[in-house]
Each structure stands twice: as structure tokens, then as C-alpha cells.
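Model the placement of chains B and C on the given structure of chain A, informed by the hints.
Protein chains in written order, with our numbering: chain A, 1 to 217; chain B, 1 to 655; chain C, 1 to 99.
Think of the hints as simulated: they come from the structure by calculation, not from any bench. From a predicted model like this one, the values you see are computed outputs, not experimental measurements. Incorrect hints may have been included.
Said to hold, decoys possible - Here are the in silico distance ranges between beta carbons for each label pair:
no., chain 1, residue 1, chain 2, residue 2, range
1, A, Val167, B, Gly637, 31 to 37 angstroms
2, A, Val61, C, Asp56, 16 to 22 angstroms
3, B, Met653, A, Phe148, 36 to 42 angstroms
4, B, Gln627, A, Val104, 21 to 27 angstroms
5, A, Val104, B, Val616, 32 to 38 angstroms
6, A, Val105, B, Thr597, 50 to 56 angstroms
7, C, Asp56, B, Arg618, 52 to 58 angstroms
8, B, Phe649, A, Val104, 19 to 25 angstroms
9, A, Val152, B, Met653, 32 to 38 angstroms
10, B, Gln627, A, Asn7, 51 to 57 angstroms
11, B, Met653, A, Asn7, 28 to 34 angstroms
12, B, Val609, A, Val104, 42 to 48 angstroms
Said to hold, decoys possible - Beyond 10 angstroms from chain C on every Cβ pair, some chain A residues (computed):
no., residue
13, Ile97
14, Trp98
15, Gln124
To be verified - Sample of chain B residues facing chain C (criterion: CB under 7 angstroms; computed from the structure):
no., residue
16, Val631
17, Arg632
18, Ala635
Ideal placement from N, C-alpha and C gives every residue a C-beta, glycine not left out.
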Amino acid sequence: MLAATVNSETIVWIIASTICLLGSVGVVGSRNPVHSALSLVATLFGVAVLFVAQQAYFLAVVQVIVYAGAIVILFLFVIMLLGVDSQEDVWFVERRIWRRPLAVVAGAGLAVGILVTILVVTSQVTGTPSADPPSSDFDVANLGSVLFTKYVYAFEITSVLLTIAVVGAVVLTRKAKGAIDLDEFPPDPEADPADEADPADEADPETAAATVDEVAR
Amino acid sequence: MEHLIWLIPALPLVGFGIQLVGGRRLGDPRAGWVATGMVAASFLASVAVFFDLLSRSEEERSITQTLFQWIPVGNLRIGMGFLADPLSITMCLFVTGIGSLIHLYSIGYMKGDPRYSKFFLYLNLFIFSMLMLVLGENLLVTFLGWEGVGACSYFLIAFWHTDTANASAGKKAFITNRVGDWGFMLATFLTWTVVGSLNYSDINAAAVGGSITGVTATAIVVLFLVAATGKSAQLPLFVWLPDAMAGPTPVSALIHAATMVTSGVYLLVRLNPLLFEAGWANDAIAWVGAITALVAATIAISQNDIKKVLAYSTVSQLGFLFLAVGTGNYVAAIFHMVTHAFFKALLFLGSGSVIHGMAHDQDMRHYGNLRRYMPITAGTFIVGWLAIAGVPPFSGFWSKDEILAGAWSFGPSGKVLWFIGLVTALMTAFYMTRQVVMTFFGTERWREVELDPAHAATDPANAAHADEHDHHGLTPDHEPHESPWTMTVPLVVLAGLATVGGVLNLPFADGLHFLEHWLDPVIVHPHELPAVPTLVVLAGLATLGALLGIVLAGAVYVRRQVDPSLIEREVFAKGWYIDWAYSWFTGGPGRDAFDATARFDQTVVDGAVNGTAALVQRAGVRSRRLQSGQVRGYALGIAVGAVLMVGYFMTRMGF
Amino acid sequence: MNQNSYLILSAAMFSIGAIGVLVRRNPLVMFMCVELMLNAVNLSFVSFSRSLGNVDGQVIVVFVMVVAAAEVVVGLAIVLSIMRRRPGANADDLTMLRG
Chain A
1 MLAATVNSET IVWIIASTIC LLGSVGVVGS RNPVHSALSL VATLFGVAVL
51 FVAQQAYFLA VVQVIVYAGA IVILFLFVIM LLGVDSQEDV WFVERRIWRR
101 PLAVVAGAGL AVGILVTILV VTSQVTGTPS ADPPSSDFDV ANLGSVLFTK
151 YVYAFEITSV LLTIAVVGAV VLTRKAKGAI DLDEFPPDPE ADPADEADPA
201 DEADPETAAA TVDEVAR
Chain B
1 MEHLIWLIPA LPLVGFGIQL VGGRRLGDPR AGWVATGMVA ASFLASVAVF
51 FDLLSRSEEE RSITQTLFQW IPVGNLRIGM GFLADPLSIT MCLFVTGIGS
101 LIHLYSIGYM KGDPRYSKFF LYLNLFIFSM LMLVLGENLL VTFLGWEGVG
151 ACSYFLIAFW HTDTANASAG KKAFITNRVG DWGFMLATFL TWTVVGSLNY
201 SDINAAAVGG SITGVTATAI VVLFLVAATG KSAQLPLFVW LPDAMAGPTP
251 VSALIHAATM VTSGVYLLVR LNPLLFEAGW ANDAIAWVGA ITALVAATIA
301 ISQNDIKKVL AYSTVSQLGF LFLAVGTGNY VAAIFHMVTH AFFKALLFLG
351 SGSVIHGMAH DQDMRHYGNL RRYMPITAGT FIVGWLAIAG VPPFSGFWSK
401 DEILAGAWSF GPSGKVLWFI GLVTALMTAF YMTRQVVMTF FGTERWREVE
451 LDPAHAATDP ANAAHADEHD HHGLTPDHEP HESPWTMTVP LVVLAGLATV
501 GGVLNLPFAD GLHFLEHWLD PVIVHPHELP AVPTLVVLAG LATLGALLGI
551 VLAGAVYVRR QVDPSLIERE VFAKGWYIDW AYSWFTGGPG RDAFDATARF
601 DQTVVDGAVN GTAALVQRAG VRSRRLQSGQ VRGYALGIAV GAVLMVGYFM
651 TRMGF
Chain C
1 MNQNSYLILS AAMFSIGAIG VLVRRNPLVM FMCVELMLNA VNLSFVSFSR
51 SLGNVDGQVI VVFVMVVAAA EVVVGLAIVL SIMRRRPGAN ADDLTMLRG
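Bound-form chain A, shown alone (with noise of 0.2 angstroms):
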């Protein structure tokens, strides 16, 4: 399995996949979520290398441009607007102490579990060979016409849903008129957040209406 023959394929494996790794053991472990943002990127690099080495040539280059390019961004600029620092401490105690370990096992097993699974029952299949395909099956050109051909129905919902999550974000973040801006009345620090009613909650559904009601308009 692992054992195979070192070509370049295995050598740009090892490094893709180190790079992986270890970006998602900074996204997990970070205490800065800068760092966590950043961390992302480079797992998300590291998955586009390995897309590259599978000869998913074009799914490599939307991932760089969507994933690392738009979504990424879009996480820096929320941590920018809400200025959050190293605000949390990523070794806090757990109140319930035993949930850590617990995750980490839970993990761990699902990841274990799955991959056991899926590795038994691929052994178990026979039939197709395991020569690599011609490569002009992952064209680019391939690739779209199966896209509109076969799956042209998720392609066209896939697009109305793009659609309803701008919509959505805009109707979200939009301030209702009329509504009590509480950035005019800065919360007491030493109260406690959780002491709080839940205005948040409550002012959400009623920003969300009267602004269905100003864009209707």
C-alpha cells in the first residue's frame, strides 16, 4: 500500500500532505484566529497540490480562486469587522472536563472507523482495473459537459441557491430603520455577556422582517 514505488508522484505526496497536516493542526490549535484563518490557507494550498498530483487539474485551480481566494477572505474580513484578537484561550478549562478527550476520541474513531471500512470493502471490489485512465477523461471540456448534461438540474439549483445566500447574508447583516443601533450604547464590561436578555435573537427576526419590508419597498 504505502509501499509502493517512489516516484514523484510519492514525493510531492509527502510534501502536500505534510503542508495538510499541519495546517490543520494550526487551524485546530491556534489561539489567534489570524492564525487559524492563515493556518486554513495552507491546508487548502496543500489540497490543491494534491488535486494537481490526482490530475484534477481544473478542480485544483477552483479551489486556489473559491476556497483560498473568496472564502478565506471573507473569514479575514469578519475577524477584521468584529475585532477579534486572542480573546479566547484555546486551553481553557472545560467545564465538563471529560468532553475533550472524548472529542478527541470520537474523532479519532470516526476517522478510523470510516477509513477501515472504506479500505476493507475496496479491497473487496474486483472488476475494474486499476490502470490509470486516460487522462482526456478529466478534461476540462469533459467535465462541463457532464455538468450540463447529466447534472444539469443541481447545476441550475446549485445557481438559485448562490443566489438566495447573497440575498440572505444581505438581509441578515442589514440594520432595520428605526431599530436601537446598541453599538450607540456599549455594553458594561464588567456584566457579564451571558447575563444579558437575548435582544441579539430577538432583534434578528425583527431586523430580518422590517427589512424585507424596506427592500419590498
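Relative to the frame of chain A, chains B and C by itself:
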């Protein structure tokens, strides 16, 4: 005429209804006359059915009339049905006959009582229940009557319930009866399981046909014996009968002499084919009867209350009945039942008349020479005395002798039973003579002794109704008087019956065995009496015993040759401490057992139920913490669940 | 390298992402861990697509990316609105689902 069977119990029931609705308006004495009329009409109906049965041939003398389906549930089909055959009609005749005489008597006795109509209400209800018991075609209708007479007995004993002693006596009667009822119910269930039907015809047919044998038959009979012991006041459940004397005297006469206490014997005779299969249960019945008779007679010897003597005498005579049933001598049992009803009712009513005339003082030590003041009462009482003592030619002699003769020929234990019976008969004669002598002869003792008024009226509740008499106790210048005609006429009638009652079943020739032939269809295995020569010898011995008892009593109480206290021992007077033992047990260890049971119920049973509720509540509180609102916690749960699912798939794969 | 090594990597990334979601409290970081998980899945899809010679796997990856993008947009909008009202809030403070 047979379709009139239902009238027999219906008429007293109508009387009960009338009393219930308009009794108070009818008042004293019209309510009494209405009630008496109803019972008398029921008697006439019984006579009509009797003649109808007489006109048929022997095989056809069994009529059933089913009014309606009482319990139609699945396999269980029990109808409200009546069975008129020689046995039940005989019972009906004397129940309604003596019942109507006692109703007539009560009109005079209860005069002036504030709850006059209520008394007759209960009396009519009682007659109704008794008739249901006797006429029932199946065990359940009989049980209806059985419970009914128990309830009415409670009502009537505790009639003057403002005195707690009377109320307690009523409760005691009911509760002791209940113990017997338990036996009845178990026997009924067992019978149902074995036979599949509760009809007497089916049960008796099954017994004759051999489907009920051995242990089952013995078990059923023993349970019915328990029931009869409670109802007929045998050892060890006789303790309620002497206390029941707290009720008015007509109640004692009717219920505790003539009718209710005979229902146990009736039940056993009704099931005589079953008894035949029951092996040693018969011996049990006979011995219970014999021992009870003996013990009760010893207690009666040392009682000073006129009614208590008669109460223990009743227990003793019922013991004779059980002896007869146990020795298979069913005809003799019925015979003695009838004659006993005559003379015991007579004796009770006579004692009531005496009490009535003596300002409700019941202590015989305050009596004496009453025959001068109450001639009719005295004369009829003496007839009753001779009958119960067993002096020929009065009825008691013939019936008691038949029982003793039947015991003699029972088998090896029969001779012993006979001897016990003979000794009891002797003692019966003794204590009855003592009673007659103390009451009607001798010196007028109430004139001599200084009596305080509180002590004199031994039955304080009686004072409530004696507004015509000087009810402030017996004073030395009290003049006793004879009772009104409503009270003396029944006495005379009963005296006549007690005299000639023996004619029912004279042993001289087969043609004179009226009762035996009459009851032939009911009794499956007739009892063999000893041969005539033996019979004569036994009869002679019995008569000698009776006369000896009378003479001895005369020696003690008339001539003062023997000191009475030698005979009237403390242990007899205290009833062999049986009653005391019961009280001690239920107050002491019994009470502790009851309390323990109650505590067990509280802690274990209630604890289990409440504990379950508490457990559920605590589980709920714990479970509530699952829904903390913490998203991460939920996510963790999802992750763990996903791992488990993956694990499941792995196992499915054969890992 | 054959398929299995990619699958192992994918599984490792997935589990790290899952642990991250369960352990971190900051909503933004939790989101990033979700993205991590999605990427792991994308990786395994591509590797299957290549080993089976079927281009459908890559099509699915396209859709996953599209949906991830939409989800991030909406999710961040929500996070933004909440965090605006309550600065310094984290996942543990939002207990509206409490029963």
C-alpha cells in the same frame, strides 16, 4: 300452583318496601300489622306450594322456577331461580309460620319504641333473605340470602345502637359470620371449578355420579363446614351468639333460635350427596357438633341472665343438629330443627314476656314465683321446658332421641358420640329446670334485695321503649303483670306445636314416618337406624337421663341439698374463657400482626408505587441536563453517535 | 501513490476538523474547521474519481465547493449579526436551544 313460588320471598320484600317508604307514617302499631300480614301471606303461599307438592308423585316433587338470568358471563350462567322441593318447602313453612307468630308478638313487645317501623322493616328484610337462602336453586342465590341474613342480624342485634355494647355485639356477630362466609366463598369457587355449575341439582348429580370424590369432596365439605360453623354458632365461632342477646327478644327468638342459625345445617343437608363422598369431613362435622353441645351446656349451667341461658342452649342444640348431620342422619336433623324451632322460639318469647313484665330486668336472681303473676307465660314456658328436656311425649323427646339413636349406629366413634349426647341431654334438662325453678317458683326475690336503680335494668337500652311500665328499675314493690294478647297468643300456639310436634316422625311404624317419607327425594343415602329393641333401650336411657337432670336440678335449687356453687363453676360462667382468649389475641398479638401488615403495605407497596414516581422524577431531572442548549455538546453527541454507527457497520462487515 | 494514501490523509484531516469543531468555542474558528472537513471530503472524492475512472466524482466536488461557499456566506452573516450585538460571545453562550 308452582308459579306462586316467587311469591313466597316476594311478599316480605314488598313488606320491606312498604316499611321503607311509609313505615314512619304508618306508625305504631299499624306498621307492625302490615309487616305481620305480609309474612302471614307468605306463609299461605308456602302452604299452597306445599299442597301442590303433596299432590304430586314422589319423583316429581321438585319444581324450579327461574325468574331471570342473573349472571350471564361467558361460561357462567347463573339464574335467579328458586327450587321448591320437600326440604325447602319444609324450611319455608316453619320460617314463615314461626316468623309470622314472632311478628305478631313484636307488635306488642316493641310498642312505644321510637323506631317501631324500622324494626319491622328489618324483620321483613330478614324473612326475605332467609327465604332466598332456603329457596335458592343454586349456591349463589343461597349466598345472597346468607349474606342478607347476616346483615339483618347485624341491624337487628344493634337495634338499640345508642348503647355501644349493643353496637359492638352487632359488629361481633357480623364479623364472626364473615369468617364463615370466607369458607362459603372458597367452597363455592372450588365447586364451580370441579362441577362447572352452581345449581344444587347439578352438584348433587355430580356427587352421585362420581365426578366429585376424595380430596375435592372433603375439601368442599370442610369449607362449607367452616361456613356453617360461623352461621350456626358452633365452636370456635360461637362467640357472637350470647352477645347477640343484646338485641330485642323477638330478634333472639326469630333469628337466633329458629331461622338464621339453622341455615348452616340446611346447607349441609341440601348438599347431602356431597357429604356422602366426603369421608372424614363427616366425622369432623359430628365431632364439632358434639363438643360444642357439651361445652355450651356446661356454660349454660352457670348463667344468670335468662336470655344468655337460652343462647347457650341454642348453641348446644345446634351442636346436636351438627351431630345428626355428621352421622348421616339428615332426617333427624331436619326433624330436630323443626321441633327446636318450636320450643326455642317459645322459650325465647316466653322469656321476653317475663322481661316485659319485670321492667326489663333480665337477671334470674331477681325473679321467683312468677307463675302467680304470669300464668299463661308460665304454663307455656313449662311446656317448652319439658320439650327441650326431652320428656316424652313432647316433641323434643322424639327428635332428640332419633339423633342419639342415629349416632349410636354410626360406627365405632358413634358410641362415644352417643354418650356425649346423652350427657349433654342430661345437662340440658338440668339447666332448663334450674331456669324454670329460679324464674317461676320459689320466693319472690326481688322483694327482698335492695337494688340500686342503675343496676336493676341490666339492659339499659331496653329502658328506651318501656314507657308504659315503671322503667326506673326493679323495685321491691313491683307487681309483675301478664303480657297483652299479641304476645300471649303466639306463646300458646307455639306451646301447642311443641307438644304435638313429635307426630311428624314417630318411630313406631313405618307409616308414621311422615317426615322421612316426605324428605325421601332429597336425601340420597338414607340413614339406617338401629333395630327396634336397641331403639327402645336407647330411648329409655335418654328419658332416664332427662329425668335425672330434672331431679338433680330440683335437688340443688329446690331442696337446697347441694350447694349451687359446686356446679356453677367460674370457668363455666366465663364461657371457658374462649371469648376472653379471642379478645386477648386480637388486642395483642393479632393486633401486632395487623399493624405489621399495615406497615408492610405502607412501606413496601406504597413505597414501590411512590418510589417509582420519585425515580421517574429524578431520571427526568437528570435527563433534562442533556438539553443544555450548548451546541458543542450536541455536536459531541452527534459525533459519538456517528462513531457508533460506523462501528456497527464495521461489525456488519464481519470485522 | 495509490488511492489508499489519499484516503488516509483525507480521514486524518476529517478527524482533525471534527475535533476542532467539538473543542473550539470561537464561532469563526469552528467554521474554519467545518471547511477543513469539507476539504477532506473533497480530497477523497477526487481520489475515488481517479481510481474508478469516473468524472462524476469531480462533479460532486464542484457542487461541494459551491455549497460550501453559500454556506460560508450565510453562516458568516449570522455570526456577524450575533457578534455585533454581543461582542466576545462564543458558542457556549448561545444557549437558545436550551430545553
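Here is what the structure says about each hint:
1. A/Val167 - B/Gly637: 31 to 37 angstroms: holds (33 angstroms)
2. A/Val61 - C/Asp56: 16 to 22 angstroms: holds (19 angstroms)
3. B/Met653 - A/Phe148: 36 to 42 angstroms: Cβ of B/Met653 to Cβ of A/Phe148: about 38 angstroms, so the range 36 to 42 angstroms holds.
4. B/Gln627 - A/Val104: 21 to 27 angstroms: holds (24 angstroms)
5. A/Val104 - B/Val616: 32 to 38 angstroms: The hint (32 to 38 angstroms, Cβ to Cβ) holds, given that A/Val104 and B/Val616 are roughly 35 angstroms apart.
6. A/Val105 - B/Thr597: 50 to 56 angstroms: The hint (50 to 56 angstroms, Cβ to Cβ) holds, given that A/Val105 and B/Thr597 are roughly 55 angstroms apart.
7. C/Asp56 - B/Arg618: 52 to 58 angstroms: holds (54 angstroms)
8. B/Phe649 - A/Val104: 19 to 25 angstroms: holds (22 angstroms)
9. A/Val152 - B/Met653: 32 to 38 angstroms: With a Cβ separation near 36 angstroms, A/Val152 and B/Met653 satisfy 32 to 38 angstroms, so the hint holds.
10. B/Gln627 - A/Asn7: 51 to 57 angstroms: holds (55 angstroms)
11. B/Met653 - A/Asn7: 28 to 34 angstroms: Holds, at about 33 angstroms.
12. B/Val609 - A/Val104: 42 to 48 angstroms: holds (45 angstroms)
13. Ile97: holds (13 angstroms)
14. Trp98: holds (12 angstroms)
15. Gln124: Fine: 14 angstroms to the nearest Cβ keeps A/Gln124 off the interface.
16. Val631: holds (5 angstroms)
17. Arg632: Check passed: Cβ of B/Arg632 comes within 6 angstroms of chain C, closer than 7 angstroms.
18. Ala635: Result: holds, 6 angstroms to nearest chain C Cβ.
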